[in-house]
Amino acid sequence: MSRDLREFVVFGFNSTHDALDAEAVLTDMGVEVVPVPAPAALSARCGIALRVPSDEADRARRYFARIEINPTSEAEIADI
Amino acid sequence: MADAGGSPTAIYLDHGATSWPKPPEVVDAVTRSLTEFGGNPGRGAYRLALDTARAIHSARADIAHYFGVEDSRNLIFQPGCTQAMNLVLMGLFKPGDRIVAGGTEHNAVARPLNLLASRGVEVILVEPDEDGVVDPDEVEAAVEAAPTAAIVCQHASNLAGGIHPVADLSDIAHSHGALMIVDGAQAGGHLRVNLAELGVDVWACAGHKGLLGPQGIGVLYLAPGCEPAELVSGGTGSGQSEEPLQPKGRPDRYEAGTPNTPGILGLGAAVNWLGTHGDELRAEEARLTRMMHEGLLEIEGFRVLGPESEVPRVPIVSAVHDSVEVDRIAFALDRRYGIATRGGLHCAPWAHRASGTLETGALRFGIGYGNTVADIERTLEAVAQIVAEER
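These protein sequences, in sequence, are chains A and B.
The first sequence begins at 1 in this note's numbering and counts up one residue at a time.
The second sequence begins at 1 in this note's numbering and counts up one residue at a time.
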């Protein structure tokens with residue numbers, strides 16, 4: 001069975017608190033956000049990261065700036 | 001379990017030690033924490049862990065809002081007020097520093113201050129006035145006497161119930177380049193506390209007293225820029241686990257180890273309850289406190305410590321009798337009437353020394369959630385009967 005891969009950007013954060021603040025604002029603004037285990041591609045390899053579709057990453061970054069939360073790292077991944 | 005005998009507790013008047021019972025919403029929240037939010041928050045991205053992390057995140061936001069804290073990252077969970085004050089005092093000061101402290105501090109502060117003094121920190125105590133609260137002018141004079149790192153003062157007395165002028169002390173501290181550090185253990189819930197308005201740098205509170213939450217949880221507010229060293233290092237579940245030292249970001253820096261999810265969710269439910277019912281509860285506490293105070297004065301031989309009955313205070317009334325020892329009254333109240341009160345020194349030898357009761361102790365009535373006029377009337381009748389028999 002084949003699976004269609006999509007392009008995503010994954011953001012890592014300093015803390016679970018920051019990640020959940022970021023998740024909340026993205027959800028409120030209608031961004032398709034999914035918490036995921038922080039992947040090895042991020043330097044943050046513990047806790048949760050936020051995955052958003054690549055074409056929504058810029059919008060996500062603007063919302064992060066608006067609530068003054070800076071992701072510590074980000075990476076592009078392909079996922080289902 | 002051995003039967004201690006006596007009467008089951010029918011009237012609970014030890015809210016200064018811990019509140020009991022709890023609002024049903026608190027019990028429900030603790031139960032849900034064990035049934036629905038049993039994951040390890042921040043330690044995984046699977047559904048149960050995420051739901052638990054979100055529940056804690058939400059409770060933190062609710063508690064921060066209740067205390068007027070704009071950025072909830074500055075509202076840190078601690079096992080209690082004692083640990084929070086130890087964190088701050090041990091994490092901020094070094095030999096050669098100078099601290100001006102109130103002379104009625106609870107041992108949660110007094111003992112860490114004594115330890116710091118033994119290590120070369122200069123600790124200056126300002127004795128309270130006849131109401132058991134510190135005079136801002138005397139505090140300012142002590143601060144002006146030499147460069148001072150901090151003023152440390154409880155928000156309200158756990159012995160006499162007096163409310164210290166914390167906002168004034170905060171202004172004094174900041175005008176002299178010092179920090180304002182407050183032990184709010186007896187204030188939370190019993191007073192309206194807006195930390196933004198108070199302007200303090202540190203404020204800590206037990207979650208299980210006036211805040212009506214479970215035991216084992218407390219809160220610590222740290223103003224931005226106030227950065228004590230962490231007391232405990234360890235796993236935070238987030239950030240960069242390969243880093244050898246504790247991360248500096250809040251709240252993780254001060255919350256190493258698995259959080260107390262039942263305590264946090266219970267406390268979140270408790271402050272939400274207080275947000276709705278707190279004004280009503282505080283009015284009732286004030287009424288019952290005054291009734292207890294004035295009722296004790298009508299019984300021959302009693303002296304009530306602290307402010308006069310009409311002065312605002314937290315709902316604590318402590319008294320001594322001129323001929324009957326307080327421990328005998330407390331014991332008889334418990335055994336014969338099922339009334340829970342607390343005699344002794346209340347972990348507050350400094351306050352007792354200032355009140356002249358270090359040798360005798362005092363009988364403390366802590367009033368709070370669930371108490372009624374009938375409770376106070378019954379207690380006063382019982383006290384009168386006991387002292388009449390014992391004199």
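I should point out that these hints are in silico values taken from the structure, not numbers from a laboratory.
Some hints could be false.
A few chain A residues that face chain B, going by a derived Cβ cut-off under 7 angstroms, partial list only [stated by the list, open to error]:
(1) Asn14
(2) Thr16
(3) Val36
(4) Pro39
Glycine residues also receive a C-beta, built at the ideal position from the N, C-alpha and C atoms.
Hints and how they fare:
1. Asn14: Because about 4 angstroms separates A/Asn14 from the closest Cβ in chain B, which is inside the 7 angstroms limit, the hint holds.
2. Thr16: holds (4 angstroms)
3. Val36: OK, holds: A/Val36 within 7 angstroms of chain B, min 5 angstroms.
4. Pro39: At about 10 angstroms, which exceeds the 7 angstroms cut-off, the nearest Cβ of chain B leaves the hint on A/Pro39 violated.
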